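The listed protein sequences derive, respectively, from chains A and B. To convert, note that position 102 of the first sequence is 102 in the UniProt record's numbering; the numbers rise steadily by one, no gaps. To convert, note that position 137 of the second sequence is 137 in the UniProt record's numbering; the numbers rise steadily by one, no gaps.
Keep in mind the hints are simulated off the structure, nothing from the lab. Worth double-checking, as some hints may not be accurate.
It does not matter which identical chain is meant; a pair holds if it fits inside one copy or across any two.
Stated by the list, open to error - When the alpha-carbon atoms are kept at most 16 angstroms apart in a straight line, the in silico EDC-like pairs for lysine to aspartate or glutamate are as follows:
id : residue 1 : residue 2
1  : Lys171    : Glu259
2  : Lys126    : Glu383
3  : Lys91     : Glu17
4  : Lys368    : Asp87
5  : Lys97     : Asp166
6  : Lys91     : Asp101
7  : Lys225    : Glu357
8  : Lys97     : Glu142
9  : Lys126    : Asp382
10 : Lys434    : Asp382
11 : Lys52     : Asp198
Just so it is clear, the structure is predicted and the values come from calculations on it, not from any experiment.
2 protein chains.
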Amino acid sequence: MRLSAYFLPILKETPAEAQIASHRLMLRAGMVRQASAGIYSWLPMGFKVLQKIGQVVREEQNAAGAQEMLMPTIQSADLWRQSGRYDGYGKEMLRIKDRHDREMLYGPTNEEQITEIFRSSVRSYKDLPRMLYHIQWKFRDEVRPRFGVMRGREFLMKDAYSFDVDYEGAKRAYNKMFVAYLRTFDRLGLKAIPMAADTGPIGGDMSHEFIILAETGESQVFCHKGWMDLGISGIEVDYQGDLQPVVDKFTSLYAATDEKHVPAECPVPAADLIETRGIEVGHIFYFASKYSEPLKAEVQMPDGATAPVHMGSYGIGVSRLVGGIIEASHDEAGIIWPESVAPFKVGLVNLKAGDAECTRVCDDLYAKLNAAGIEVLYDDRDERPGPKLAGMDLIGLPWQLVVGPRGLQNGLVEIKHRRTGEKHELSIDSALSKLIG
Amino acid sequence: MRLSAYFLPILKETPAEAQIASHRLMLRAGMVRQASAGIYSWLPMGFKVLQKIGQVVREEQNAAGAQEMLMPTIQSADLWRQSGRYDGYGKEMLRIKDRHDREMLYGPTNEEQITEIFRSSVRSYKDLPRMLYHIQWKFRDEVRPRFGVMRGREFLMKDAYSFDVDYEGAKRAYNKMFVAYLRTFDRLGLKAIPMAADTGPIGGDMSHEFIILAETGESQVFCHKGWMDLGISGIEVDYQGDLQPVVDKFTSLYAATDEKHVPAECPVPAADLIETRGIEVGHIFYFASKYSEPLKAEVQMPDGATAPVHMGSYGIGVSRLVGGIIEASHDEAGIIWPESVAPFKVGLVNLKAGDAECTRVCDDLYAKLNAAGIEVLYDDRDERPGPKLAGMDLIGLPWQLVVGPRGLQNGLVEIKHRRTGEKHELSIDSALSKLIG
Numbered sequence: 001m002r003l004s005a006y007f008l009p010i011l012k013e014t015p016a017e018a019q020i021a022s023h024r025l026m027l028r029a030g031m032v033r034q035a036s037a038g039i040y041s042w043l044p045m046g047f048k049v050l051q052k053i054g055q056v057v058r059e060e061q062n063a064a065g066a067q068e069m070l071m072p073t074i075q076s077a078d079l080w081r082q083s084g085r086y087d088g089y090g091k092e093m094l095r096i097k098d099r100h101d102r103e104m105l106y107g108p109t110n111e112e113q114i115t116e117i118f119r120s121s122v123r124s125y126k127d128l129p130r131m132l133y134h135i136q137w138k139f140r141d142e143v144r145p146r147f148g149v150m151r152g153r154e155f156l157m158k159d160a161y162s163f164d165v166d167y168e169g170a171k172r173a174y175n176k177m178f179v180a181y182l183r184t185f186d187r188l189g190l191k192a193i194p195m196a197a198d199t200g201p202i203g204g205d206m207s208h209e210f211i212i213l214a215e216t217g218e219s220q221v222f223c224h225k226g227w228m229d230l231g232i233s234g235i236e237v238d239y240q241g242d243l244q245p246v247v248d249k250f251t252s253l254y255a256a257t258d259e260k261h262v263p264a265e266c267p268v269p270a271a272d273l274i275e276t277r278g279i280e281v282g283h284i285f286y287f288a289s290k291y292s293e294p295l296k297a298e299v300q301m302p303d304g305a306t307a308p309v310h311m312g313s314y315g316i317g318v319s320r321l322v323g324g325i326i327e328a329s330h331d332e333a334g335i336i337w338p339e340s341v342a343p344f345k346v347g348l349v350n351l352k353a354g355d356a357e358c359t360r361v362c363d364d365l366y367a368k369l370n371a372a373g374i375e376v377l378y379d380d381r382d383e384r385p386g387p388k389l390a391g392m393d394l395i396g397l398p399w400q401l402v403v404g405p406r407g408l409q410n411g412l413v414e415i416k417h418r419r420t421g422e423k424h425e426l427s428i429d430s431a432l433s434k435l436i437g
Numbered sequence: 001m002r003l004s005a006y007f008l009p010i011l012k013e014t015p016a017e018a019q020i021a022s023h024r025l026m027l028r029a030g031m032v033r034q035a036s037a038g039i040y041s042w043l044p045m046g047f048k049v050l051q052k053i054g055q056v057v058r059e060e061q062n063a064a065g066a067q068e069m070l071m072p073t074i075q076s077a078d079l080w081r082q083s084g085r086y087d088g089y090g091k092e093m094l095r096i097k098d099r100h101d102r103e104m105l106y107g108p109t110n111e112e113q114i115t116e117i118f119r120s121s122v123r124s125y126k127d128l129p130r131m132l133y134h135i136q137w138k139f140r141d142e143v144r145p146r147f148g149v150m151r152g153r154e155f156l157m158k159d160a161y162s163f164d165v166d167y168e169g170a171k172r173a174y175n176k177m178f179v180a181y182l183r184t185f186d187r188l189g190l191k192a193i194p195m196a197a198d199t200g201p202i203g204g205d206m207s208h209e210f211i212i213l214a215e216t217g218e219s220q221v222f223c224h225k226g227w228m229d230l231g232i233s234g235i236e237v238d239y240q241g242d243l244q245p246v247v248d249k250f251t252s253l254y255a256a257t258d259e260k261h262v263p264a265e266c267p268v269p270a271a272d273l274i275e276t277r278g279i280e281v282g283h284i285f286y287f288a289s290k291y292s293e294p295l296k297a298e299v300q301m302p303d304g305a306t307a308p309v310h311m312g313s314y315g316i317g318v319s320r321l322v323g324g325i326i327e328a329s330h331d332e333a334g335i336i337w338p339e340s341v342a343p344f345k346v347g348l349v350n351l352k353a354g355d356a357e358c359t360r361v362c363d364d365l366y367a368k369l370n371a372a373g374i375e376v377l378y379d380d381r382d383e384r385p386g387p388k389l390a391g392m393d394l395i396g397l398p399w400q401l402v403v404g405p406r407g408l409q410n411g412l413v414e415i416k417h418r419r420t421g422e423k424h425e426l427s428i429d430s431a432l433s434k435l436i437g
């Protein structure tokens, strides 16, 4: 993509309303624009990141055996009355009346709706287990939306739902999602720590929050320093097999939010305890028959009797993750994208757009990188080198490929790795093969 | 995907509320479930088709130079007051008050919002032309939603918006979208005819509806029979070049809806005139400064003066197309998917799941087709052959690969082409190479 033709409205000034780094950087880098309080439009570069995060989430959900579907945003109030949550949800729920004065709502979550679909379609234990998910916009009418997409009102969430005949089946589903979450956040370049959680308005009796460590996080968290060396990558996962050992491994080290942490009872000696702040990016729940009983989602069991199914629900904040990744990965100069979700892998900078040789080399590099299937943002604008390089640092693409007249006299271009800041002067061919790999 | 593990709740009975083929077939084939009047959940197979149609739309939009972004579903009423449309839109607009009693709405379209984004980001004629689009859920509170996803209240739409300095630029953008639409519908296996249209609530002075011919369509349409032989496939398109000749070619033959058709003035002799019904699947508008003037989307021109930009908007009904394609492509037995949007290319049927050899051959075929990157739905259930084959016809995958004990005695399996009904008995290897191609 040529920057001259790309809709990327970079801001020079830091917007006054942005209090945290991700909000500030997303506005400055032209990723989002506020539409109303807590409601954002995603401009092309922000949308690209959102899509890439969604794709990683989707791949890991599919690998764990969940099937993708899509529920609507607007739901009927009646369904929520059946579950008993309509009144309890309070003002966070965006309530709507349609033209016939029927009460509707913009779904803050989908337990009721998926249970209703399941109830109307499944009759027998033979049709279980099932795991369904969707990635859809939700609305929670926060009193004070803030921190950009981190605490927005309209937000994109992946929510999965499992249906099993008994506790053992439900626990297997829970474990699959637990492991899928570890893998998902790992692929996104995040250290997300599962912490035993209260079940809150979703309800249930087994729950973990997945929390990434970041100074600007909303919750105080405490964890064993051993977490810094613990990761899922390299661990082989067989979703058909027993995942309990993996889950045990990742719940053996202490980790708790301030809601659960009681200093006097903490099993970790002070020297081994990390105290910092964290951002919740995922949350998993097992809640037995909390919804299947009132909504009558029952199956016929082998003995002929009917029984309500055991359910769980599993959420990942997809739009929130865009902010979360930036909180976890930025510096003074701007964003530093992990390659897995970077909007482009390479930023190609023509330092002197008026120079014929610079432009020839850049056009050629651009064509070759594109032909190799590498996503390139090509700054072909007639603009001074300073702002061009600062802009590239700001938007945080993993690699910068910088072409200027001085280097070209010796046949050299510069490659900069955004994360480490390392720069190398290389021949054009070496630079190409370094990027194409 | 193994059918035994797939959430595909096929209905044996035709639902009473479904009046047209696509609605009936989408419910029976387990593609959608109604959530409320005119609001649907997309089950895994329906969702897959929706995604594939969206992907074709996206590829053709990108090819035409439009950039993808995403605007939110909920908009502020203030913006619509600025454009003057808030009161005029009537009860079709879903109006909402948030917890602070601020007036909001669920966007039925996005002219105001994109204009606001553009206004706050672009200053100079040098930043034009621009074309932006998104694929997002919209809401129109129809009095009587019906015909399933064809006339729903919550629906998925691609809407693109162009910004140019003058009429000539806007006309170039209009032509790009005109041609992109021809290509999009062609790839979806549809004959969509552009018909000069009234501009309705969007406004403007140049507009075409793209209408597919189908007996169950909502409008009466009239067109020259030459349309039956006219298609975009094979015509080379250069989006950087002059597209006027292509547009001229596709507007030279007569085509009009009953709103525009005046029998006494029709230039086509009766013998050459086709009269049938049609379904609107796309609509493009040029409306000059209708929104840029009230919303002050102005740029500085070369002479230093400011001028409102010339805009157009361009919609495709993505969720409606799922129904539209079925209306145009089905028979008594069920849906007939074009390969470009089929949820799976092949339906593999094990006629006797209890038979070891049948199961061995099916498992092997399933593994090989998957390894070749072919999407297969494998009916591995222990069920009678009749319902299995009827189910495959109903869901309408392009190819059926049927494995039974009788054929296997001679080393043969059966391939059926759903559209033509042609069946061939082939060796296992020949069947594989026919499907893998």
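Right, here's what the structure says about each hint:
no.: 1; hint: Lys171 <-> Glu259; verdict: neither (24 angstroms within a copy, 60 angstroms between copies)
no.: 2; hint: Lys126 <-> Glu383; verdict: between (66 angstroms within a copy, 13 angstroms between copies)
no.: 3; hint: Lys91 <-> Glu17; verdict: neither (25 angstroms within a copy, 35 angstroms between copies)
no.: 4; hint: Lys368 <-> Asp87; verdict: neither (59 angstroms within a copy, 53 angstroms between copies)
no.: 5; hint: Lys97 <-> Asp166; verdict: neither (39 angstroms within a copy, 42 angstroms between copies)
no.: 6; hint: Lys91 <-> Asp101; verdict: between (19 angstroms within a copy, 11 angstroms between copies)
no.: 7; hint: Lys225 <-> Glu357; verdict: neither (53 angstroms within a copy, 56 angstroms between copies)
no.: 8; hint: Lys97 <-> Glu142; verdict: between (20 angstroms within a copy, 13 angstroms between copies)
no.: 9; hint: Lys126 <-> Asp382; verdict: between (66 angstroms within a copy, 12 angstroms between copies)
no.: 10; hint: Lys434 <-> Asp382; verdict: neither (27 angstroms within a copy, 54 angstroms between copies)
no.: 11; hint: Lys52 <-> Asp198; verdict: neither (30 angstroms within a copy, 39 angstroms between copies)
Comparing the model with each earlier hint shows violations of hints 1, 3, 4, 5, 7, 10, 11; every other hint is respected.
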